[in-house]
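Peer 1: The residues making up each chain are set out below.
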Amino acid sequence: MAAPLVRHAMRRCLAHNCAVTVRRGLRSGATPSVFTRLLLKLDHYFYDVESFLYLKEWWKTKVVKFQNKYFGYVQKRYGAQIGAAYYILAIKGSFRFAGQSQWFRPDSTGMFSFMRSPHGQIEEVDLSGTLINLNGLGNLISQNKLKTLSLRGCPEVDDWFLARLHVFRDSLVELDLSDCTHVTVGGLAALQNLRKLKRLDISGLPRLQCPGLVRILLEEMLPHCQVIGVESEQGMIQPERQEPTDIDDASTQSGLRRS
Amino acid sequence: MWRRLFATAPAFRAQKAPCRSFKSSRRSDKDVFEEVEDQFRAFRKKAVKAMPGSDWSPFELTPGLPPERADVVIIGGGVVGWSIAYWIKRKERTRGALRVVVVEKDPTYSQASTVLSCGGIRQQFSLKENILLSLESADFLRNINKHLWVTNEDPVDLQFNHSGYLFLASEKSAHVMEENYSTQRYAGAKVVLLSPSQLKERFPWMNTEGVALASLGLENEGWFDPWSLLNAFRRKALSMGVYQCFGEVTGFRYSTQIAEVAEGDFVDFRRIKCVNVRMPNSLEYQPVECPVVVNAAGANSGKIAAMLGIGLGPEESVSGIPFPVEPRKRFVYVVHCPDGPGLDTPFLIDYSGVYLRREGLGGNYIAGMSPEETEEPDISNLDVDHEFFQEKVWHHLAHRIPAFEKLKVSSAWAGFYDYNTFDQNGILGLHPLVANMYFATGFSGHGLQQSPAVGRAIAELILDRGYKTIDLSAFGIKRIIKKKPILERNIV
Ligand SMILES: Cc1cc2nc3c(=O)[nH]c(=O)nc-3n(C[C@H](O)[C@H](O)[C@H](O)COP(=O)(O)OP(=O)(O)OC[C@H]3O[C@@H](n4cnc5c(N)ncnc54)[C@H](O)[C@@H]3O)c2cc1C
Chain A
1 MAAPLVRHAM
11 RRCLAHNCAV
21 TVRRGLRSGA
31 TPSVFTRLLL
41 KLDHYFYDVE
51 SFLYLKEWWK
61 TKVVKFQNKY
71 FGYVQKRYGA
81 QIGAAYYILA
91 IKGSFRFAGQ
101 SQWFRPDSTG
111 MFSFMRSPHG
121 QIEEVDLSGT
131 LINLNGLGNL
141 ISQNKLKTLS
151 LRGCPEVDDW
161 FLARLHVFRD
171 SLVELDLSDC
181 THVTVGGLAA
191 LQNLRKLKRL
201 DISGLPRLQC
211 PGLVRILLEE
221 MLPHCQVIGV
231 ESEQGMIQPE
241 RQEPTDIDDA
251 STQSGLRRS
Chain B
1 MWRRLFATAP
11 AFRAQKAPCR
21 SFKSSRRSDK
31 DVFEEVEDQF
41 RAFRKKAVKA
51 MPGSDWSPFE
61 LTPGLPPERA
71 DVVIIGGGVV
81 GWSIAYWIKR
91 KERTRGALRV
101 VVVEKDPTYS
111 QASTVLSCGG
121 IRQQFSLKEN
131 ILLSLESADF
141 LRNINKHLWV
151 TNEDPVDLQF
161 NHSGYLFLAS
171 EKSAHVMEEN
181 YSTQRYAGAK
191 VVLLSPSQLK
201 ERFPWMNTEG
211 VALASLGLEN
221 EGWFDPWSLL
231 NAFRRKALSM
241 GVYQCFGEVT
251 GFRYSTQIAE
261 VAEGDFVDFR
271 RIKCVNVRMP
281 NSLEYQPVEC
291 PVVVNAAGAN
301 SGKIAAMLGI
311 GLGPEESVSG
321 IPFPVEPRKR
331 FVYVVHCPDG
341 PGLDTPFLID
351 YSGVYLRREG
361 LGGNYIAGMS
371 PEETEEPDIS
381 NLDVDHEFFQ
391 EKVWHHLAHR
401 IPAFEKLKVS
411 SAWAGFYDYN
421 TFDQNGILGL
431 HPLVANMYFA
441 TGFSGHGLQQ
451 SPAVGRAIAE
461 LILDRGYKTI
471 DLSAFGIKRI
481 IKKKPILERN
491 IV
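Residue numbers (the UniProt record's numbering), protein chains in the order written: chain A, 1 to 259; chain B, 1 to 492.
Source of the hints: derived by calculation from the structure; they are not laboratory data.
The model shown is predicted, which means the values in this text are computed figures rather than measured ones.
Treat the hints with care, as some may be off.
[What the hints assert, rightly or not] Distance ranges between label pairs, derived from CB positions:
id : chain 1 : residue 1 : chain 2 : residue 2 : range
1  : B       : Lys478    : A       : Lys69     : 38 to 46 angstroms
2  : B       : Lys406    : A       : Arg37     : 48 to 56 angstroms
3  : A       : Lys69     : B       : Pro155    : 22 to 30 angstroms
Idealized CB from N, CA, C, for every residue including glycine.
Construct the complete structure from the given sequences, taking the supplied hints into account.
Peer 2: Below, the structure is given as structure tokens:
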């Protein structure tokens, strides 16, 4: 954290911290609908409503689980490449094989077909808006030529997911994490394993408290990587509103010195 | 027309309101008979309450007393205690079938190791059991909201930092690291070995002098907020019907059977009947009758074992072997260093024993080290020895990360390890001399990360009479009686 820029950003950000309210939430954090609120109210009084609420949650997890099942059979029968391709298309994502320019994606009815590529492996994957989660990622880990991965707006992508991305550490060059509502700085720290990363999009992450500072820290952590989607100044308040903090003292007093 | 009606409505109400205040009160409306009837009704209610089978009593009771009878009493409301409570409730067949009571002496948790720990989780152990426990716990933490979310409440946010652990080995210890690495890989942990040059490339801020090998955890390792985990367990367990009671366990009522185990060697076998709980700030005791007791009192669990006569028998005999868990004080220092390493700082464990991790994004770190066996600090209080940092910790730290030559210690705290003096591993299961007390303690600095899996294991022992998910029989108390330690090499 040698850069004076960081220190400056940090100071501002710390002052800002108290003003920012973190949006936590299983979902995106929007206010629940009248119906949901009514259910929550009733749940205070009746056990049955609780089980109904659980049922709703249970159904949601079932759907996610179903979409992310492991295509072990396909993988064994037709190879990892076909397994991965099949999974991507099944959750309505799209991909491109290495050495080809054609993208494969399902049509509007969800039907798809693709040709096996004789030598190439999957090089680019676009999973924007899909329900991919950590289990689903298991279908892709054999794709060690994967260069570009877009996870824009994936509601099930969280910090644990990012921590597993180390499986692509020898190939991944471009990663798009924009609008992933669950991603926090604790998961972004795990991207340090992706030493080949050249481009990282972190725009619209609601749970990042000081996007500007995080961007600087990420650029410091991955010196060859361009971090986009956040201005360095974003999430920081102007200096006049800043209050003196501990950090201020430290940087002026220059701390202790070991004899 | 509707709109006009609405528009006039407030005015209409405003007109009416003053009239109401002129009305006479309701009470004087009633005649004498109605009043008598009311009195009778109230009396009848009270009488019903006082019938046998109800909990009404003519005497004032201390609020928060534990119930008189329970199925399981858990001593210690730290993370291990609450995790066991949660898993027992989770495994019960019908709702409310088991009455589980958690007894905690300190509602503020001012001395509990859980909240004073560093919150780290790693799979880099040398023993298969420890690796598996930690892997299972990581799985639990990953799905924490499936386990511990309570409807109507905020989801649990552990603030997990996926930064991994980085162990450094010197020339002397490199071969041990390699062995551990293969055990860890075999058990399913995601770890890589780094050579000094790779290390330098990955972490340019580090001085790699003296390092022969390093191992870095890629997945499921990092640190989180222990308080959030404790609270989440507690909130969920309470919502499932676990009783919480603030009081101190000061003794037991038990029955004793004397048996001759060998020629002339008599041993007392005990069975707990009641747990005596003393209420805070009073001399009042409440005996809680129960068939199963769990000792999850952390650093204090050795004392609880002594209450049952464990270790107090004649030397040489089984009852003379003390329960080997005692409090050991460990210091944690919060340092501020604006030029220190950034977001890529892992939980660093140097071969000198010094550890360091980042705390937040503001250039703060926490660091510490375990003292030599011969220099253990006094455990009568939780005061911090600041000299220890200056003399022991700092030069190792500054040697490894030169930026730390210049730093400021901004605060510090101390906590008690539930230290297992025998072999520094958890002690799980029944004691051969006490028929119905399960132990879950002695984790020596890695109890927080193992708590979810340990809770499940103990619940399995109690309800299924054996381990179902992970076989932890190696951590049983037999090894202490037989004097066969199972040593863990990666103790921090
Ligand atoms: C400085 C430090 C750093 C640590 N770092 C880590 C780490 O990075 N990772 C990790 O996994 N672990 C770490 N640990 C270890 C971890 O904190 C403990 O192993 C774990 O918290 C043990 O949990 P527990 O519930 O058994 O004990 P505790 O949290 O100590 O809970 C025991 C509870 O029992 C209560 N109690 C005691 N006696 C009685 C009685 N007679 N009656 C009623 N109640 C009683 C106490 O009040 C206490 O609340 C660390 C510990 C320390 C001290």
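Peer 1: Does each hint fit the structure? Answer for all of them.
Peer 2: Hint check:
The given range of 38 to 46 angstroms is respected by lysine 478/B and lysine 69/A, whose C-beta atoms sit roughly 42 angstroms from each other. Separated by about 54 angstroms at the C-beta atoms, lysine 406/B and arginine 37/A satisfy the suggested range of 48 to 56 angstroms. Taking the beta carbon of each, lysine 69/A and proline 155/B are about 25 angstroms apart, inside 22 to 30 angstroms as hinted.
Violation of the numbered hints given earlier is absent; every hint is satisfied by the structure.
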